[in-house]
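**Q** The task is simple: from the sequences and hints, build the whole structure.
Residue-level listing of the chains:
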Amino acid sequence: MIPPNPTPPDPPNPAPPPHPAPASTDLMILPDGTIYARNLSPELAAILATLNPADPSMAARAGLHTPPSPSSSPCPNP
Amino acid sequence: MPRDSTPIESPPAPLLLPTRRTDLLPPRSSLARERIPLAQDTLPSCNLCLHRCAANRSTHPAGLCHAGPAARCFAAQTDVADELELIPSFAVSLSGCNLRCDFCITGQPSWNPAAGSPVHPRETARLARLAVQRGARTIMILGGEPTLHIVTLLELVAALPDDVPLVLKTNAMFTEQARPLLAGLFDVWLPDLKFGNADCARRLAAIPPSAQAWTTVTDNLIWMATHHPAATLIVRHLLMPGHVACCWQPIAQWLAHTLPGTKVSLRSGFWPAWHAHRHPELRTPLSHTELAQATRLAHDLHLPLVP
Chain A
1 MIPPNPTPPD
11 PPNPAPPPHP
21 APASTDLMIL
31 PDGTIYARNL
41 SPELAAILAT
51 LNPADPSMAA
61 RAGLHTPPSP
71 SSSPCPNP
Chain B
1 MPRDSTPIES
11 PPAPLLLPTR
21 RTDLLPPRSS
31 LARERIPLAQ
41 DTLPSCNLCL
51 HRCAANRSTH
61 PAGLCHAGPA
71 ARCFAAQTDV
81 ADELELIPSF
91 AVSLSGCNLR
101 CDFCITGQPS
111 WNPAAGSPVH
121 PRETARLARL
131 AVQRGARTIM
141 ILGGEPTLHI
151 VTLLELVAAL
161 PDDVPLVLKT
171 NAMFTEQARP
181 LLAGLFDVWL
191 PDLKFGNADC
201 ARRLAAIPPS
211 AQAWTTVTDN
221 LIWMATHHPA
231 ATLIVRHLLM
241 PGHVACCWQP
251 IAQWLAHTLP
261 GTKVSLRSGF
271 WPAWHAHRHP
281 ELRTPLSHTE
291 LAQATRLAHD
301 LHLPLVP
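So the protein lines, in turn, are chains A and B. Read in order, the letters of the first sequence correspond to residues 1 to 78 in this note's numbering. Read in order, the letters of the second sequence correspond to residues 1 to 307 in this note's numbering.
Hints are computed from structural coordinates only; laboratory data are not their basis. Take these hints with a grain of salt, some might be off.
[As the list claims (entries may be wrong)] Examples of chain A residues toward chain B, derived with CB under 8 Å:
| hint | residue |
| --- | --- |
| 1 | MET28 |
| 2 | PRO31 |
| 3 | ALA37 |
| 4 | ARG38 |
| 5 | ASN39 |
| 6 | LEU40 |
| 7 | ALA45 |
| 8 | PRO53 |
| 9 | ALA60 |
| 10 | ARG61 |
| 11 | LEU64 |
Glycine included, every Cβ here is placed at the ideal spot set by N, Cα and C.
**A** Rendered as structure tokens:
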């Protein structure tokens with residue numbers, strides 16, 4: 001069992017609430033070239049789909065990603 | 001080859017989003033807000049899950065899960081790894097769990113309720129709205145195990161937009177004490193039916209047989225399927241190497257017999273992570289042979305698999 005860590009104290013000055021964590025995707029690449037993805041972002045799904053265009057599951061997930069247009073706002077997560 | 005879910009055999013059917021019948025119920029945000037005081041009342045003697053610790057979590061971490069009165073979040077991002085009809089989903093992951101699955105894919109932050117940052121419901125709701133503007137079709141709350149953090153869970157639901165389908169991903173090991181607090185809030189229930197027998201539950205997740213995990217989960221699945229007919233139930237099972245016969249087979253048979261027609265998500269992307277190495281059969285990914293066996297069984301039992 002993991003012992004709990006004490007909750008950190010509140011900061012003295014009000015500040016914007018922190019984002020929980022930078023968005024990330026974890027990849028595990030096996031020696032045979034199989035790639036597992038966890039917390040798969042739409043952008044990375046599009047990249048992975050190009051590695052294996054014959055994978056219908058990844059193609060379906062990649063198809064949901066719309067690349068941002070040049071006039072779109074920047075990513076909200078710093 | 002990227003592999004994160006069961007390969008689909010034909011072009012996907014038109015995606016059917018769960019619809020929320022707001023004409024029949026008060027807004028879920030109102031329901032959730034009303035229940036917050038009731039949820040707080042559960043913390044001094046917490047029996048929210050099958051362990052029934054009766055621990056006092058009202059002021060500090062306690063119980064087997066070491067969870068305190070307020071939850072923390074270790075991830076909040078748009079994800080496309082889940083079931084096709086739910087994605088892209090803005091997924092909010094709460095830290096801390098009541099299980100100790102050695103194969104847990106999120107490992108440390110799942111087990112440690114102090115991981116991540118404090119949850120700020122309004123800020124989370126702002127991020128969710130932003131994600132929806134950028135294409136997310138659902139909002140998902142998961143863990144760890146989100147039902148442990150019942151107060152924060154309700155605070156989140158109270159802050160989130162009412163017009164976006166809301167998904168709860170859970171291990172479904174909550175008790176009847178949690179049910180009235182959860183009822184009617186979610187458009188999609190996404191529970192795991194992890195183990196087909198008590199021995200695997202004990203060996204792989206340290207669930208004592210006395211906790212009656214099978215009965216707890218299956219009773220909850222029946223409740224999810226019946227208490228709010230407008231909600232969608234998708235039962236998940238993570239296929240694990242060496243556990244098709246002992247776990248998936250009894251689960252599949254139970255689903256076919258007790259919840260025929262219920263959508264089933266057969267997760268084939270087992271990832272040997274965290275403490276999976278403690279078990280010889282879990283040191284490798286799922287084989288193609290086992291995946292084929294499991295899929296064939298599902299088809300033989302006419303289980304409606306979802307991609």
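**Q** Take the hints in turn and mark each one as holding or not.
**A** Tested hints:
1. MET28: 6 Å, holds
2. PRO31: 11 Å, violated
3. ALA37: 5 Å, holds
4. ARG38: 6 Å, holds
5. ASN39: A:ASN39 check passes; min Cβ-Cβ to chain B is 6 Å, inside 8 Å.
6. LEU40: 4 Å, holds
7. ALA45: 5 Å, holds
8. PRO53: Since the shortest Cβ distance to chain B is 11 Å, the answer is violated.
9. ALA60: 5 Å, holds
10. ARG61: Where the cut-off is 8 Å and the nearest Cβ of chain B is about 4 Å from A:ARG61, the hint holds.
11. LEU64: 5 Å, holds
In summary, the numbered hints that this structure violates are 2, 8.
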